[in-house]
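Trainee: Residues per chain are reported as follows:
Protein chains: 2
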Amino acid sequence: MDRRHVMLGAAAALATPALLRAAPAVAQAPAAAASGPAPLGQAPGFFRHRVGGFTVTMLNDGSRAIPLANFVRNAPLEEVQRTLAESFLPTDSFRIPFTAPLVDTGRHLVLIDTGNGAQPAGSPVGLVAANMRAAGVDPARVTTVVISHFHGDHINGLTLADGSAAYPNAEVVVNEAEWRFWMDEGAAARAPEAMRPAFANAANRFRPYQGRIRQVAAGAEAVPGIRLDAAYGHTPGHSAVHIADGTEQMLYVADLTNRPELNARRPDFHIVFDMDATAAEATRRRIFDRVAAERMRVAGFHFPFPAAGFMAKEGNGYRFVPGDWSAAV
Amino acid sequence: MDRRHVMLGAAAALATPALLRAAPAVAQAPAAAASGPAPLGQAPGFFRHRVGGFTVTMLNDGSRAIPLANFVRNAPLEEVQRTLAESFLPTDSFRIPFTAPLVDTGRHLVLIDTGNGAQPAGSPVGLVAANMRAAGVDPARVTTVVISHFHGDHINGLTLADGSAAYPNAEVVVNEAEWRFWMDEGAAARAPEAMRPAFANAANRFRPYQGRIRQVAAGAEAVPGIRLDAAYGHTPGHSAVHIADGTEQMLYVADLTNRPELNARRPDFHIVFDMDATAAEATRRRIFDRVAAERMRVAGFHFPFPAAGFMAKEGNGYRFVPGDWSAAV
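In the order they appear, the protein sequences are chains A and B.
Just so you know, we're using our numbering here: the first sequence kicks off at 51 and counts up by one.
Just so you know, we're using our numbering here: the second sequence kicks off at 51 and counts up by one.
In case anyone wonders, no lab produced these hints; they're calculated from the structure.
We put the CB at the ideal spot given by N, CA and C, even for glycine.
The reader is advised that the hints may include incorrect statements.
[Stated by the list, open to error] Computed far set for chain B versus chain A, every beta-carbon distance over 12 Å: (1) P117; (2) L210; (3) P218; (4) P258; (5) Y259; (6) Q265; (7) P286; (8) H292; (9) Q299.
[Stated by the list, open to error] One-sided excerpt, in silico: chain B residues whose CB lies under 10 Å from chain A: (10) L90; (11) G112; (12) F138; (13) L139; (14) P140; (15) A168; (16) P356.
Whole structure, please, built from the sequences with the hints as guidance.
Mentor: This is the structure in structure tokens:
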């Protein structure tokens, strides 16, 4: 098994639901305070903003903590901890948030990535569909699902607990290189034991959409105004999704970084989920350089909710600046 | 009229509801897109987090834009615009958000500042009570209202549209120097014409609480765990509110800065709302130096919602780092 396969194996293992569930779930709700009848819930995890005439609703899927040790493969733990502490984040584990954009173009209702999907009760993740409903959108209305890449936290929400389609009326749009990589039965058979479940998982999640899956080349539009751009490295066909209407635009960078406080701040940090970490770093720098120079609005799957804002070039890396929250859309 | 009175007059004029209402309300909801039945609302503006065994619910009161010209008195407009652009904020006007903390200590339910209060329909502000209800809390349950200072956007929510108490069962706790300043009839009579409405407004807002207003010295507790600290300058008795339980703490800095992207980033910027701008700057530096050194959690009335996070010392100023959002409390 060469270096790339080791990485691939690690990423696949970590992306497997059963293993992720074993990680400590720090985001669990603690017991209610002895404070009378006030409910202690959070407001629903959705946030709307406009991109031209489009409405983008950021849908939170929850968050979970994984061990920090060995998460960054090419830096000592202390250096990783120092980077997180700079952003006032915990240093005893790594808390990964998940947020997917839903774009209403007026003609299409496009969900980009689907989150962790059906989970056992009390799970801190798998909230995309619930937050979509809280935002007043029936999943049956979704016309199009765009998948940035085939890791479990992006595709598992394609299906309900019984394996049927969570978005029964949607066409699914994917990058053709990503599809080829994960759906090549030969590749799956030749893959190291540890990553075979990830291949099987991909096959299972897309199965109920058979006949309405559209593979596109990098640079192609899923629907007018929503384009898949090559952002290869994290996976062989990992795509950023460019959303534009009129003179306004936003780039959803998917997993170009995990938390920006970690490997946008330090683009040289190679994390275990990046299948080709060297390519991932080069892509990260290329895209963020452009986004920062153009002051373009960005969103990212692992950005802190509401997960949309801007990137400022700072030193040898980038600082994520959250967009301003507003009570009005 | 000396320099201090000019400042005072400007601040009072700007804090008068009628004048603020005349400012452009950029946060108004635009017309719905032609996109089918999806509602276009935002999730309710509240966010919960813990401070020890206390639950703090940040309650958004909305936001409004005011003209940027002359808002900072001691710097050219271009320099102010450059500072805002660094944080990707608009430079054609100044958008002020409002967020008040509600602290459930288990024994007391304490609202700190009350927002802009009753407003005409369609106003972008005055949302504290509605967001409190959305968070499951009946205003009648509030046991204590702490007021940081007597500017309209902090005290107008004390009363309903008919002038009666919005928190009918609450004791109101205020700093004694702040009370003395605004309630001194001689001072009101001697004040420049432009600021008399602010004196009258303060009298009206507190009137329905007569007999249950407690004036305290700087450093005194409103209830166990919630203490008013001197943070004078913005107004003569402007108070920060320290919230602590066990080993955890948070400092609500009220108007120690307006938006932190503006005058925490540039503590030397003197804004028109600061009654004694020199004292306000000194207080700002003193408190933020301590908060940054201790890595203490902070909240601020004009911080971007959810308005709680941390301050990092950076160059000659401070950078606000929002706290991590979580679906679980």
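Trainee: Take the hints in turn and mark each one as holding or not.
Mentor: Hints and how they fare:
At roughly 18 Å from the closest C-beta of chain A, the C-beta of P117(B) stays outside 12 Å, upholding its exclusion from the interface. With a closest Cβ-Cβ approach of about 20 Å to chain A, L210(B) is found to remain outside the 12 Å limit, as its non-interface label requires. Distance check for P218(B) against chain A: the nearest CB is about 17 Å away, which clears 12 Å, and the non-interface claim stands. At roughly 24 Å, the least C-beta separation between P258(B) and chain A is larger than 12 Å, which holds for a residue marked as non-interface.
The beta carbon of Y259(B) is kept farther than 12 Å from every beta carbon of chain A, the shortest such distance being approximately 22 Å. Non-interface status of Q265(B) relative to chain A is upheld: no Cβ of that chain comes within 12 Å, the nearest being about 27 Å off. Residue placement check: P286(B) keeps its beta carbon more than 12 Å from all beta carbons of chain A (closest about 31 Å). Chain A leaves H292(B) outside its interface by the beta-carbon criterion, the shortest separation being 19 Å against a cut-off of 12 Å.
Residue-level check passed: Q299(B) sits 14 Å from the nearest beta carbon of chain A, beyond 12 Å. Among the interface hints, the one on L90(B) holds; its C-beta lies about 5 Å from the nearest C-beta in chain A, closer than the 10 Å criterion. The interface hint given for G112(B) is met, as the beta carbon of that residue sits about 5 Å from the closest beta carbon of chain A, less than 10 Å. Of the supplied interface hints, the one on F138(B) holds, with its beta-carbon coming within about 4 Å of a beta-carbon of chain A, less than 10 Å.
The restraint placing L139(B) at the interface with chain A holds, with a minimum CB-CB distance near 7 Å, inside the 10 Å limit. At its closest, the beta carbon of P140(B) sits 9 Å from a beta carbon of chain A; the interface hint therefore holds under the 10 Å criterion. Contact between A168(B) and chain A, as hinted, is not supported at the beta carbon level, the nearest pair being about 17 Å apart and thus beyond 10 Å. Interface hint at P356(B): satisfied, since its Cβ lies 7 Å from the closest Cβ of chain A, which is below the 10 Å cut-off.
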